[in-house]
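Can you build the whole structure from these sequences, using the hints too?
For the sequence shown, our numbering begins at 9 and goes up steadily by one.
To be clear, the hints were calculated from the coordinates, so they are not data collected in a lab.
Hints are supplied without guarantee of correctness; some may be wrong.
As the list claims (entries may be wrong) - Pairwise CB distance ranges, derived in the manner of DEER restraints:
id : residue 1 : residue 2 : range
1  : E146      : L61       : 26 to 32 Å
2  : G40       : E123      : 35 to 41 Å
3  : S157      : T71       : 22 to 28 Å
4  : H64       : T195      : 28 to 34 Å
5  : E65       : E123      : 21 to 27 Å
6  : L74       : A185      : 28 to 34 Å
Quantities reported herein were computed from a predicted structural model and do not represent experimental measurements.
Even glycine gets a Cβ: it sits at the ideal position worked out from N, Cα and C.
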Amino acid sequence: MTMAKFITLEGMDGAGKSTHIPTIIAALQARGREVVSTREPGGTVLGEKLRELLLHEDMHAETETLLMFAARREHIATVIAPALARGAYVLSDRFTDATYAYQSGAKGVSAAKVELLEQWVQAELQPDLTLLFDVPVEVSIQRLAGARSPDKFEREDAAFFTRIRQAYLLRAQQNPARFRVIDASRTLEEVKKSVEEILSTL
9 MTMAKFITLE
19 GMDGAGKSTH
29 IPTIIAALQA
39 RGREVVSTRE
49 PGGTVLGEKL
59 RELLLHEDMH
69 AETETLLMFA
79 ARREHIATVI
89 APALARGAYV
99 LSDRFTDATY
109 AYQSGAKGVS
119 AAKVELLEQW
129 VQAELQPDLT
139 LLFDVPVEVS
149 IQRLAGARSP
159 DKFEREDAAF
169 FTRIRQAYLL
179 RAQQNPARFR
189 VIDASRTLEE
199 VKKSVEEILS
209 TL
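Here is the structure:
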């Protein structure tokens, strides 16, 4: 059976990570892999309903964290774990690192509480590879300006995005074996080349 891999994409809003999902899927499929592409919050019928609440309703930061993990538990049980069990590659647009960045880093929820939820909801499950698309805050804000109707996170100020970026870079520093930090402020073609080089080492 194919060796399953769990790959996650992370980065603050405007970093452009979602743009590269088709490239990643194509690169993995070209090697004969089954690829399951999904996202958080979301990925399941229940998760997508929770996503609408999470992206558009104001709520306490801890409520938000609990809902993120509720959606994640369903996501793991119904999509991620079954796909990995049959040897597929799972590609998720965001996972738990996003909760550390957004709800803990930017909104102040205790990292210890996030860690407790992580252990409960995920047990031993961790991504095999996390691609962190990193851009300066001003680039993120510039890219978001004039884009589609922004969600509540995308409407936040520069200080909020700065805290997200710092939290992500700290996560990468703490988990160097798993993270690959990609300078996503470069041209689309340059970023694509970096992504393909990283995938070639899998």
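inquiry  = Are any of the numbered hints broken by this structure? If so, which, sorted upward?
reply    = none
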